[in-house]
Amino acid sequence: MGKFMKILITMMMVIALSACSSQDVKDDTSAGVEDQTGDASGTTSGVTTSGVDRLGEINGIAIDQDGSPDYVRTIYFEYDSSEVRSEFIPLINAHAQLLASDSSRRVVLEGHADERGSREYNIALGERRAISVRRLLLGSGARSEQIRMLSYGEEKPAVIGHDENAWSKNRRVEVRYE
Amino acid sequence: MLFLTASMAESRITIEITEGTEGTAPIAVVPFAWQGAGPLPLDIAGVIEADLKRSGRFSALDRKQMLSKPSSSIDVNFKDWRLLGTDHLVIGKIQSTSRDQYLVQVQLVDVLREKQLAGFNYPVHKSSMRMLAHQISDVIYEKLTGEKGAFNTRIAYITSSGGKKPTYNLYVADSDGYNAQSIMTSKDPIMSPSWSADGQHLAYVSFENRRSQIFIQEILTGKRQSISSSAGINGAPAWSPDGRRMAMTLSHKGNPDIYIYDMASKRFTQLTTNTAIDTEPSWSPDGSHILFTSDRGGKPQLYRIPVLGGKPSRITYEGDYNARGIYSPDGRYIAMVHGRDKRYRIALLDLRTDQLSILTDGNLDESPSFAPNGRILLYATARGDTGVLSAVSVDGRSQHRLVSKDGDVREPAWSPYN
Numbered sequence: 001m002g003k004f005m006k007i008l009i010t011m012m013m014v015i016a017l018s019a020c021s022s023q024d025v026k027d028d029t030s031a032g033v034e035d036q037t038g039d040a041s042g043t044t045s046g047v048t049t050s051g052v053d054r055l056g057e058i059n060g061i062a063i064d065q066d067g068s069p070d071y072v073r074t075i076y077f078e079y080d081s082s083e084v085r086s087e088f089i090p091l092i093n094a095h096a097q098l099l100a101s102d103s104s105r106r107v108v109l110e111g112h113a114d115e116r117g118s119r120e121y122n123i124a125l126g127e128r129r130a131i132s133v134r135r136l137l138l139g140s141g142a143r144s145e146q147i148r149m150l151s152y153g154e155e156k157p158a159v160i161g162h163d164e165n166a167w168s169k170n171r172r173v174e175v176r177y178e
Numbered sequence: 001m002l003f004l005t006a007s008m009a010e011s012r013i014t015i016e017i018t019e020g021t022e023g024t025a026p027i028a029v030v031p032f033a034w035q036g037a038g039p040l041p042l043d044i045a046g047v048i049e050a051d052l053k054r055s056g057r058f059s060a061l062d063r064k065q066m067l068s069k070p071s072s073s074i075d076v077n078f079k080d081w082r083l084l085g086t087d088h089l090v091i092g093k094i095q096s097t098s099r100d101q102y103l104v105q106v107q108l109v110d111v112l113r114e115k116q117l118a119g120f121n122y123p124v125h126k127s128s129m130r131m132l133a134h135q136i137s138d139v140i141y142e143k144l145t146g147e148k149g150a151f152n153t154r155i156a157y158i159t160s161s162g163g164k165k166p167t168y169n170l171y172v173a174d175s176d177g178y179n180a181q182s183i184m185t186s187k188d189p190i191m192s193p194s195w196s197a198d199g200q201h202l203a204y205v206s207f208e209n210r211r212s213q214i215f216i217q218e219i220l221t222g223k224r225q226s227i228s229s230s231a232g233i234n235g236a237p238a239w240s241p242d243g244r245r246m247a248m249t250l251s252h253k254g255n256p257d258i259y260i261y262d263m264a265s266k267r268f269t270q271l272t273t274n275t276a277i278d279t280e281p282s283w284s285p286d287g288s289h290i291l292f293t294s295d296r297g298g299k300p301q302l303y304r305i306p307v308l309g310g311k312p313s314r315i316t317y318e319g320d321y322n323a324r325g326i327y328s329p330d331g332r333y334i335a336m337v338h339g340r341d342k343r344y345r346i347a348l349l350d351l352r353t354d355q356l357s358i359l360t361d362g363n364l365d366e367s368p369s370f371a372p373n374g375r376i377l378l379y380a381t382a383r384g385d386t387g388v389l390s391a392v393s394v395d396g397r398s399q400h401r402l403v404s405k406d407g408d409v410r411e412p413a414w415s416p417y418n
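Chains as they are written, first to last, in the working numbering: chain A, 1 to 178; chain B, 1 to 418.
Pulled out of the complex, with its shape left as it was, chain B reads as follows (with noise of 0.2 Å):
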């Protein structure tokens, strides 16, 4: 059961959209027809609409240029729409039930063809109306694009506040950046949230016993336990597709290695035995290979093993620091941190055509994380003294930023679907 405060609601984090409208596909969305007392309960047509604008894929029609504002699809005045240069129409209205409880109902309308493409009612708790509102932009997003949309789901990440002496917090927030919720808290470095393949549980490092152990939480319950505190690194924990095993980094025998952490036996199995730093191991989204760091070469690379054991082949070649690889889900491309000219920057490595684009252009950019329809790469990068969050469609056509009240904001993890 989870508890919902007062704070809940409250966005620790805003958007700006700081690049790309080409190519996107004109849509409008109507504000809500309000029927009940009091204020409106949630803006959820202003939920939506930035929900497709930060998508990349969709622009939308500003409010005030609006002629008329329907709420159900009999009320549509189609051609007002089509010399707008409107393709299609997202109306709605939100009735008060009884206490906190609401009926929502949403129409999607193409306006070329003047028939509804999706229509339904919500019957939803107050508590529940963000959540909705996401729920809709992905039916909407999805009925649209033919993909999946990646809306209703979650990030964490990690913040530092507080100068000298900082706290360190993980956060769990919706994908737009509200109900930021801290999971834990700390007056020690807290690092490398990984997601569990249900999206339960959170995996990551935490310093807070003057060494660095693994954790694994729950994050309805706040119930956690330690996975591995052995001497030297534990670290850079990640989760198996298929929830049952964990690599992660451990040094205890001297230098770091890739050990792969079978749950149901809590069993450690070494996978690399190299004596050059190997970290960062990442799952190919079959669950068959690991993708991982490694500076055998003398610079750090990315290579990949087979997941039983084998001998590791190398990725990356271009750039003198190539590290933290990550799968996209569909597998086909890697995105990793880019060192070169001393700029470190996101690049995407696409393994059909072994092209490597760089996405990014800062000079500190990290932590790369997919989100799970594979459409947006959200990051860290600086700006000014502060670290903030970043996301890149794959295209690279678009770009938006979220940035936090609350410090230096790094090491994004963005939720699978659950």
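Just chain A, same shape as in the assembly (with noise of 0.2 Å):
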């Protein structure tokens, strides 16, 4: 599957997740068609008639090979800023209540900058990067021993190359389950 459009199925599903706490499809054994004895309604032929309900579908979380959920686990950051872009508040909240839900679930907060300035210097902008997400996800439900910081700094960038093309898409905090 292309990166775009995964990105756009996951942002679906983490609207619709966002969007819904329960399911949207009744419990089958409510549904169905009525006996057909006994009181008619209305009609002078011994029939009777009703709807069954609108088949639906039930939200899937999709899963990695491993079992943990795969969305979209990286949040990106504009040059030398660990301020968590408003685009990716729905993704964190997400992510904070199935860390709510499940209080086995770890997760670790991989920090990373681009490759511009000093490798140390770099290795603490990371972690500032992955403590905003964290505070996101605990005011989201998500307890803190949920949650474990790695700062990665410039080391592992995600794209090779010089130019803020490059360099965008490595300032970023990945959300990797354990």
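Just so you know, the hints here were simulated from the structure itself, not pulled from any lab data.
Small disclaimer: the values here were computed from a predicted structure and weren't measured.
Don't take every hint at face value.
Said to hold, decoys possible - Each computed EDC-like pair below joins lysine to aspartate or glutamate, with the alpha-carbon atoms no more than 16 Å apart:
id, chain 1, residue 1, chain 2, residue 2
1, B, K148, B, D408
2, B, K53, B, D100
3, A, K156, B, E208
4, B, K165, B, D408
5, B, K299, A, D80
6, B, K342, A, E78
7, B, K164, B, D385
8, B, K126, B, D43
9, B, K164, B, D361
10, B, K342, A, E164
11, B, K126, B, E142
12, A, K156, B, D188
13, B, K126, B, D100
14, A, K156, A, E174
15, B, K299, B, E318
16, B, K342, A, D163
17, B, K79, B, E114
18, A, K156, B, D408
19, A, K156, B, D138
20, B, K53, B, E114
21, B, K342, B, D330
22, B, K187, B, D43
23, B, K342, A, D80
Claimed, not checked - Facing chain B, from chain A, some residues (calculated, C-beta under 10 Å):
id, residue
24, A124
25, S151
26, G153
For every residue, glycine included, the Cβ atom is placed at its ideal position computed from N, Cα and C.
These two chains come separately, so use the hints to put the complex back together.
Right, dumping it as structure tokens:
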């Protein structure tokens, strides 16, 4: 699957997840065709009519081969900034809800920086980005013992290159389930 | 005991002199005479010549222009060398004495005064030939400049190779890039090599356990121990000049601060307490102060704090990004990564005059490291898609590049004298 498609699908999932906390199909034991005997509903020929519930779809949570959720897990940042952009808030909330719903789940927030500047300062910047994401996860129901942070600074670039195109993809926090 | 392997002599790095012959002293290093059977074990004169040229202080006469190739001072025709404009002459011979054992004779001759300035005989095993050549370069350099040479020293650096799933290596090589040996290989990043004062150990950061961790490794045996693996950052190790303490960055209390680790007591003392990023500690040569990077003023700048604690004072004001500061061995200069106009270059601050000068002209230059004599700065720079090591003389007059076959090369650390 193309990366873009994957992001789209996941964003849709995330929206669905945050929009409805319960499943949107009713219990199917309540649906069905009514018994035709007994009281008729205003018909003369002993026939009754009734509707059935609409077929729906349950939102599945895609998983990886190792069973952890396959959301988009990368949050991107501006240059020299650790502020989470608003477009990533629903994504972080979705992760927070998952963590809140299952206290046995553990995540590592991997902080990264672009290659500019010095390496150890970039380690500190990567950690600061992870701290921003952690704060939002905690604010939305995750517990601190579920979250570990690890900064790689500029040591593990997602994209190799010396331009803004590469740099913008390298300033990131990756959410990884353990 | 160091065991030598066949691959050892192979060069992993080649050197290109990229700039500068201005104001250099003319010298001729005559190929040494070979008195033995079989091929010449090592072109010692070639190694010496390359060392002297790389220092930026000498220009060497091309071998093809030499009118004669004397191997001892009594054979020297001084008039010829004066005509060629040579001030000094290095001559010598290599004699085979027994299996893999040689006697190397070398003389440094003053062409104008027609007299020997230095002369030595060295009995040497084949495996130590290169080391001897660097040692001779040091003797010549000191005799002619009055300053200590730094040829017979080592450099450590980190490589990453193999694309998407790279392998990281920590190498130790001779100062000219030869005899590179990996002392640590990992599938996870390795960072921030720092030499002990006696040149026998390297501290570094490894992510091998899915966390950052500081190790100390003995370079001759490969034995190592973990020093710090607390939650969060364990980074930027810097050995104190007396070798008894190590400054480092830890963030287990919530944000990165500088700590001093005492080797004997294994105790950590917190030195900075600011809520900003404090990292990249570097010792003043007298061990009294720590220089560090902090963004407490909004942008990363260099600050200095007494090792025993106290109020930090800001050191840099020019440019909007100054980081990874290190003192020169004599304490007069601070080299740093200087960011300005979206370019990151190596700059030198003269603490006597407060003048900041930019020494390099890359866009992504980083990790400056002084030669132990303070004359050359080694640093990492980008060349195309890979990182290479480059060196620049502190006066900015000469530059050379060390080109490696090992993919991305970064974080050079020049060893102390040992």
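Outcome of the hint check:
1. K148/B to D408/B: violated, 31 Å
2. K53/B to D100/B: Violated, at roughly 29 Å.
3. K156/A to E208/B: Holds - the C-alpha atoms of E208/B and K156/A are around 13 Å apart, at most 16 Å.
4. K165/B to D408/B: Holds: K165/B and D408/B sit about 13 Å apart, inside 16 Å.
5. K299/B to D80/A: holds, 9 Å
6. K342/B to E78/A: holds, 15 Å
7. K164/B to D385/B: holds, 14 Å
8. K126/B to D43/B: holds, 12 Å
9. K164/B to D361/B: At roughly 29 Å apart (the allowed maximum being 16 Å), D361/B and K164/B break the hint.
10. K342/B to E164/A: Within the cut-off at roughly 11 Å; holds.
11. K126/B to E142/B: violated, 25 Å
12. K156/A to D188/B: Roughly 9 Å separates the two Cα atoms, so the pair holds.
13. K126/B to D100/B: holds, 5 Å
14. K156/A to E174/A: Given pair K156/A, E174/A holds - Cα atoms ~11 Å apart, limit 16 Å.
15. K299/B to E318/B: OK: K299/B and E318/B at ~11 Å, within 16 Å.
16. K342/B to D163/A: holds, 11 Å
17. K79/B to E114/B: Satisfied, since the Cα-Cα distance of roughly 10 Å is no more than 16 Å.
18. K156/A to D408/B: holds, 13 Å
19. K156/A to D138/B: violated, 40 Å
20. K53/B to E114/B: violated, 23 Å
21. K342/B to D330/B: With a Cα-Cα distance of about 31 Å, the restraint between K342/B and D330/B is violated, given a limit of 16 Å.
22. K187/B to D43/B: Given that 16 Å is the threshold and the Cα spacing comes to 38 Å, the pair is violated.
23. K342/B to D80/A: Distance ~12 Å between K342/B and D80/A Cα, so the pair holds.
24. A124: holds, 4 Å
25. S151: holds, 6 Å
26. G153: Because about 8 Å separates G153/A from the closest Cβ in chain B, which is inside the 10 Å limit, the hint holds.
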